[in-house]
Every structure is written in C-alpha cells, then in structure tokens.
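Peer 1: Each chain, written out:
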Amino acid sequence: MAYKCVVLIKQVPDTKRITGDVMNDDGTVKRSALPAIFNPEDLNALETALEIKDRFGGHITVITMGLPAAAAILRESLYRGADDAILITDRRCAASDTLATSYILSRAVKKLDYDIVLCGRQAIDGDTAQVGPQLAEKLGITQITYVEQLIELSGNRITAQRNIGNGWQQVKAELPVLLTVIGEANEPRVAAAKKMMKYKKASTPIEISEKIKAENPKADAAEIAELIKLRSKSLEEKGLLIKQWSLDHVEADLSWCGMSGSPTKVHRIQSVVLAAKESKDVEPTPDGIADMIHELIEEKTIA
Amino acid sequence: MANFFRDNSDIEFLFRHIDLAGLAEVCEEGFRFADEFEHAPRDAQEAIENYEMVLDSLGRLSGEFIAPRAEDVDRQGNTLNEDGTVTRPRGTVEALEKLGQAEVMGFTLPHRFGGLNFPNLVYSMAIEIVSRADAALMNIFGLQGIAETINAFASAEIKEKYLRQFSDGKVTGAMVLTEPDAGSDLQAVKLRAFQDGDGSWLLHGVKRFITNGCGDVLLVLARSEADRSGGLGLSLFVCESGPTVHIRRLEDKLGIHGSPTCEIFFDNTLCEIIGERQRGLVTYVMSLMNGARIGIAGQSLGIAEAAYRVARDYASTRKQFGVAIEKLPAVRDMLIDMKIAIEAGRALLYETSRLVDLEIAYAKQSENPPQDKAKEIKNNARKYKRYASMLTPMSKYYCSEMCNTIAYDSIQVLGGSGFMRDYPVERHARDARITTIYEGTSQLQIIAAVRGVCSGTAEKFLAELAELDYDDEVRDLLAALAEGRKLLEDTIPFVKERGNDYMDLYGRALVDIAVDLIHGYLLCGQASTKVKMDVPLAENGTARNGRTVSMKERKAMVARRHVTRHAPKIAALAKLIAAGDKSTFSSYEAIIGPVSAQ
Chain A
1 MAYKCVVLIK QVPDTKRITG DVMNDDGTVK RSALPAIFNP EDLNALETAL
51 EIKDRFGGHI TVITMGLPAA AAILRESLYR GADDAILITD RRCAASDTLA
101 TSYILSRAVK KLDYDIVLCG RQAIDGDTAQ VGPQLAEKLG ITQITYVEQL
151 IELSGNRITA QRNIGNGWQQ VKAELPVLLT VIGEANEPRV AAAKKMMKYK
201 KASTPIEISE KIKAENPKAD AAEIAELIKL RSKSLEEKGL LIKQWSLDHV
251 EADLSWCGMS GSPTKVHRIQ SVVLAAKESK DVEPTPDGIA DMIHELIEEK
301 TIA
Chain B
1 MANFFRDNSD IEFLFRHIDL AGLAEVCEEG FRFADEFEHA PRDAQEAIEN
51 YEMVLDSLGR LSGEFIAPRA EDVDRQGNTL NEDGTVTRPR GTVEALEKLG
101 QAEVMGFTLP HRFGGLNFPN LVYSMAIEIV SRADAALMNI FGLQGIAETI
151 NAFASAEIKE KYLRQFSDGK VTGAMVLTEP DAGSDLQAVK LRAFQDGDGS
201 WLLHGVKRFI TNGCGDVLLV LARSEADRSG GLGLSLFVCE SGPTVHIRRL
251 EDKLGIHGSP TCEIFFDNTL CEIIGERQRG LVTYVMSLMN GARIGIAGQS
301 LGIAEAAYRV ARDYASTRKQ FGVAIEKLPA VRDMLIDMKI AIEAGRALLY
351 ETSRLVDLEI AYAKQSENPP QDKAKEIKNN ARKYKRYASM LTPMSKYYCS
401 EMCNTIAYDS IQVLGGSGFM RDYPVERHAR DARITTIYEG TSQLQIIAAV
451 RGVCSGTAEK FLAELAELDY DDEVRDLLAA LAEGRKLLED TIPFVKERGN
501 DYMDLYGRAL VDIAVDLIHG YLLCGQASTK VKMDVPLAEN GTARNGRTVS
551 MKERKAMVAR RHVTRHAPKI AALAKLIAAG DKSTFSSYEA IIGPVSAQ
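Protein chains in written order, with the working numbering: chain A, 1 to 303; chain B, 1 to 598.
What the hints contain is simulated information worked out from the structure, not anything from laboratory work. Check each hint, because a few of them may be wrong.
Stated by the list, open to error - Just the calculated beta-carbon pair ranges, DEER-fashion:
| id | chain 1 | residue 1 | chain 2 | residue 2 | range |
| --- | --- | --- | --- | --- | --- |
| 1 | A | 253 | B | 530 | 53 to 61 Å |
| 2 | A | 152 | B | 287 | 44 to 52 Å |
| 3 | A | 1 | B | 227 | 17 to 25 Å |
| 4 | B | 206 | A | 159 | 21 to 29 Å |
| 5 | A | 210 | B | 168 | 55 to 63 Å |
| 6 | B | 539 | A | 298 | 35 to 43 Å |
| 7 | B | 82 | A | 164 | 39 to 47 Å |
| 8 | B | 536 | A | 259 | 26 to 34 Å |
| 9 | B | 378 | A | 221 | 51 to 59 Å |
| 10 | B | 472 | A | 126 | 52 to 60 Å |
| 11 | B | 187 | A | 184 | 50 to 58 Å |
| 12 | A | 184 | B | 248 | 55 to 63 Å |
| 13 | B | 160 | A | 95 | 52 to 60 Å |
Values in this document were obtained by computation on a predicted structure and should not be read as measured data. Using N, Cα and C, we set each Cβ at its ideal position, and we do this for glycine too.
Please model the complete structure; the sequences and the hints are all you need to start from.
Peer 2: Have a look at this one:
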C-alpha cells in the first residue's frame, strides 16, 4: 500500500560554523553571517519518507515555515524526490515560539491528506525538540519520537525503534502517526541529477515576482502583474510552482500566531565567551591518557 | 562537509577555463531536446549550471559517503558464494544505491533513455572525483561505456531493453573480452557463439579476468565465424546473468579489492548480437576500449590526487630535525613535482575528453549534414577522430604511469608510516598498480599513440596548439616548446627510415616527447586564462593567513617549472632516438642468456 507522507523542514543558520566573528556582543548570533542550511535532522526525516516512498510508493509533501529564502530547502527536497512543496511565509508569523509554530504548521498539515507526518527531532538553531511533539498533539495523532529505525510498515500499522538514550524501545502504532527522526536513522541521499536539472527553476510566487521586477525595471505595476501571472502559469504547467501559503490560506487564528501566540519568555541570555584560560599538555602515552581520563572523571566532566 | 569537487581548485578552474559552452552546444544538438525532456537545458548557460550542480552533488557523495567506506571495502573484498553468486562489500552496495539515487549512472546516455546527455569531459571529471574516494568503485561507475556501446551500435529493441535500466542504476554491466589465451591479443578469442535451429544465438566457453563479471548485463566478445581466425571472426553479443552464466572463480588481487574480477563459464547462454556480425572486435570493442581508456585515465587521476593529498598533509605536520618535513628540499621537491604531474595529467585528460566529444559530435553530424557544410563537417569529423585516437592512449599511458609514481612517492613522503596499513597510501599504491595494465598495457598504449606521433598527427596537433593565443608572460616558454617540436620533427624521419620495429623500440621516448610538449602548451594556455580566480597560499601548510594568489599567476609558475624542467629531458630523448642503437635486437640473446633449466 502506498503512503502519503508530509515532511516538515526548517532552514537554519549553520551553527557548526559559529566563530567569534559571527557573535553579537549580547551573546546572540548574527544569523546573516552564517550560511543558511537544511536543518540536518530534517534531512534525515525526508530520507525516511523517501525510503518509505521507494519501498511502498506514495507521495511526499514538504512544508517549511520561514522567510521567502527558505524556498531553497524546498527545492533541495524536490531534488531528492519530494513531490510537492509548500512555503508558509507571512510577516505575522514572525517571533513565533514553538507553540505558535506548531499551531501554524498544524493548520497547514490539516489541509492535506496524510498517513505519516515526519519531522527532524530538533533544529540546530533552537535545539528545543518541541515542535514535532506539539504538532502531533494539535493534530490529535500518535507520536513516536527519537526514531532511529523504521522496523515495519504494513497496512495501517507501523513499528519504529526509538533511541531513548540508554537503550532502545520498539513502538507499534496505528496510522496516522507523527515521527520525529534522529540523525542516526540514516545517511541522507544527495540531490539527484535529473531532478536538479528539472527543479532548479522551481519558484515561489515571491521569487517569480522579484525576478520579473528585476528583469523589467521600467514596467508599470499592471504590466508586472500580468507578467507574473503568465510566468506563474507556465511554471505551474510544468510542475515548477512552489505553493506559497499565508496565515489566511491556512485559516489560522491570528491570536495563536506570532508574538501574541507565543508565551515563551526569554529569562536570561548567558554570553559564553570561549577563551582558554589555562592549558595543560597531555603526554601521548598510555600513562598520560590514563591520567587525563582520571582527572576528567574526578571533575565529573565525564561519567 | 567534504566535497571532492569543491575542494579541488584545479578541477573548478578547468571547469571555467575550458570551453564548456561549445561542448554543451554540440552535445545538446543546438538545445533541441528542451521541449521534449523536462530536464534538458535550453541554452549553454543552463547546461553549464546543470554540469556544476551534478558535479557538486557527486563531489559531496564522494567526499562524505564513498570515501569513508573505502578502507572497509578494501579489507572486505568480494566473496564468491557456493551457489555461484557474488557478495559485494557492504560499502560498495551502499555506494551503488546512493549513486543510483543520485541519477548519475547514465552520464553520457541520451535524454530519451533517461541519461543526462553530458559531455565526456564532465564524465571524466566525475570519474576522477569518484575514484579519489574509492578507486575500486570506479570499475562500476566508470563502466558506463558498456551502455554507451549498446547505444552506439545495438538495435533499437536492445537499446529499449537495457539503457533505461542502466541510467536508473538498476543494473551494472561488464565488458567480457579477456580469455586465458587472449589478453592483450583479443584476436585470439575462442569463446564460441553459435545459432540454434530457430536462429537464436548461444554462447559457450570460458572468459577470465572479467571486471564486474558478476554484473547483470554482459557484453561478450565471441567467435561467431567458426571457420575464420583473427579479429574478423569475432562478433559482440549482449546477455544477462542467469543460470547458464557460472562465476567459477574470483581472483585474489593486489588492489582494487572492491571490484570483483571473475572467471565466467558460459554454458550455452542465450544472447543477442550487437550490430553486425564480424565487426565485434574491429569496430565495437575498439570503440568500447577507447571509452574505457579515458575512464582509466580518470581513475588514475583520482588515485593520484588521493595519494598526493595524504602526502601533502603529512609533510606539513610531520616534524623531523625540528621542522615540518616539507621544509626539507628533497621532500619539497617531490611534493611540487607530484602536484604539477597531476595538473599536467588533468590538462591532458580533459583536453582528450573534449576532443572525444567533438569527434562524436561531428561523426553524428556527418551522418546527415546540411549540404553547404558537408565538407567542413566531414573534415572536422576526420580531424577530431585522428586527434582523439592519438590522445586517448596518450592520456591513459601518462595518467596511469603518473599515478603509480605518485602513489609510490606518497609512501616515500610518509616514510615508515606510509608502509603501514594505518594510512591509506599503501592502498592507493596497490590500487594504482592495475591502471598501467588493464584496458591495454602502457606498452600497447604507446604502440597506439606512436603511430599518431610518427604519422604527422602530433605535429599537426602541436602546430594547432602553438597557434592559439597566449600571454606575453609565457613567450619564452613557447619558444622552448617550439624548439622541442623541432627536435621531434627532426627525429621522426630518422625513425621512419628504420621501419616499424625501430619505431616501437623507441615508441616510449617518442610518445614521451610528444606528451611533454602537449602538456607544455596546455599549461601555457592555462597560464593565459581569462578566468579570474584566487587560490590560497600555504603558510606552514595551512591557508590560515588568508593570503591568495591568482590562478593565472600560479599556472604561469606551473607552466614555467614544467616546460623548463622538461626541455633538457626532451633533448636527451631526441638524442637517444637519433643514436640508432639497436642492441635490444642484436644483443638480447647474449645479454639475457637462456631460461634457467629448473
């Protein structure tokens, strides 16, 4: 039986590349100074969906909420084998915390027909791991978090193995289900040649509009609107139009979105200055290493 | 995030330096496929964008997925099971799955069979990138010439049956040519092909040393004309693995352990003929071989690049006598020569691949040329065929010999550590060793290339290279190259007077001179590039200080060192050839003596 999967993805700053140069004085990160990437565990979630599609057939829709630039990771998903892509972008989404985000995403997912919803466990910018579970609650479906392996999928039953830190747990559930997937689950495939060649031109309405304006600096508003309509139509016919939804599209209650829907308050930001105060040479001998391990255990750095 | 395309500034430079737009134009036949196939490009710019995206994706797959598995693949090797099936190393199975998903198994196949329709030049880049990650994997990734041969010569039905499966990565293939008594001399092939009562072809006999012989689709060279000896008695067939195709043995080899080398017994295996009878060896296998030779040259470059990088890294961190060993003149000298030898090989292979693309394009055009251009197209087709036939064996010869030198020198740079299996250089050296042997030994490549050198093709090609635009910066180098050409021109009549035996006796010297001169011109061309690109300078091995040099200036240094250091070698080789020494013939029996009685 074929399965309809929805994968939720996020564009994040590449926090692995954080250096002193990209930090603000208040301890926050200059997001624009870091390359924007596909959140790594979301790629694992997408890979799990692709493996399901490879084995059983079906359809994959990817959704991201973010700035217009997040269309890049939607294209990345199409390059790997997703069938449909939706960008939720709306100024009124700004400042959403995990509660508001999961609410908005739930509104979007409810518009779709699905068997399995997949998310990465967590995003490397916030590291909360809250959006997936909150989304499952709002959709009213079963959740299996920390999935490291899909054991079985048959009819409307799924068995998945969760990594619970000090061991694992196999969970059986009925569909529909939401999975949050961890990095150990798989090694994501790279972008596929022909799909890249095709989908590199896939665009959102915002991108089409910006491109047309840049190409026709002297055209008036009506001409621009007409050109946008034509280009959008031609892209849609080729399956290259990325859907763009606003909060109105998903019929969201605005009081649950953005700042007003976000109860999270930042209590304190701790500015961690990474500077070595003292250093110690460890001899590269069995004795030297043994001494170091001993010291780290005593200091409870490692257990 | 290792990316074997992005981290190689020379490949990235050549990607921009070489006229890819021109190649895209001919490969896409004026971009006429765009309306029919959603992934086909509309113009040259889009085609180049496609090439770059695909190389980027493959570079990442090679760096992050394939390379980390290569050591285990080498240790595990393939296993022949009791039921005659072959179990591949786990890393190879996983890599093949990812390559299939990446849609790169039909690199040069036409759009209509699910291929990318990319130029051979871009395919050569891809083969180098994959081989750097795992040389043995190239023997599957780089065997796309099998599908290409089916595409070029087989019937429409056979194409329909197999090509899409190849480009989808669902099947792998093998070139089933060698037999116990037919290695370099394929005219001696004995495996029997015969027709049964209803005209179906069947194969019977043994093949040996078959790379990936356990693959799904086999191209088999067999004797279809029982009463006819030699090459004209042979035809080419295609069959599938199955109960009548028995893998009898897997060879236990020095290197490329990930690539299974099979002995196959065909027990009346049903097959189909490719193209026409009797053209199997003389037309089809020759074409297949030429593609495979380009592939081996790419594989060699990849191995050389991998080995060099280990040595370069080690030399900057290993301290002896209180300094990093790269500060020591002898080590420094090895590293700089290694780096330049790789760049020279890459220049030669990419130029060869470009000429092969032009050869194919003009051959295709000359099948149905517009009247007013028929003559020009025909002339071009003939010219590029001649150039490609000379440069293909030259590339295979130079790159494979070069990668052996580099792999050995890399071990040398690492000293005792290089001899240990803790570092990958010993694997690179073992993997390198086959490259001068299979798809025609170096000695056979020289025989193929020296005909071109002595028949005027090399002179014509060099004269064409000399006519290109160069910067004033390299004028003196061009003068030195012109002197070299004069020496070569003077030598050739002397050789010809003495006949074919003498030509083959000094074949290596003649081909070496020609290859050195071609390298010289190509590197001077790179030093005259219009590409603006900066590359980091090393400071104690790293690029930390942010200082850069333009690729153009850097290439001028490379060209200068290469040309000035090879000029005396060219002179010495020319002198050797002109000395007329035939002691190899006259003194062999006396110097070598008889085989010992035991």
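Peer 1: Which numbered hints are broken by the structure, listed smallest first?
Peer 2: Per hint list: 3, 4, 5, 8 and 12 violated.
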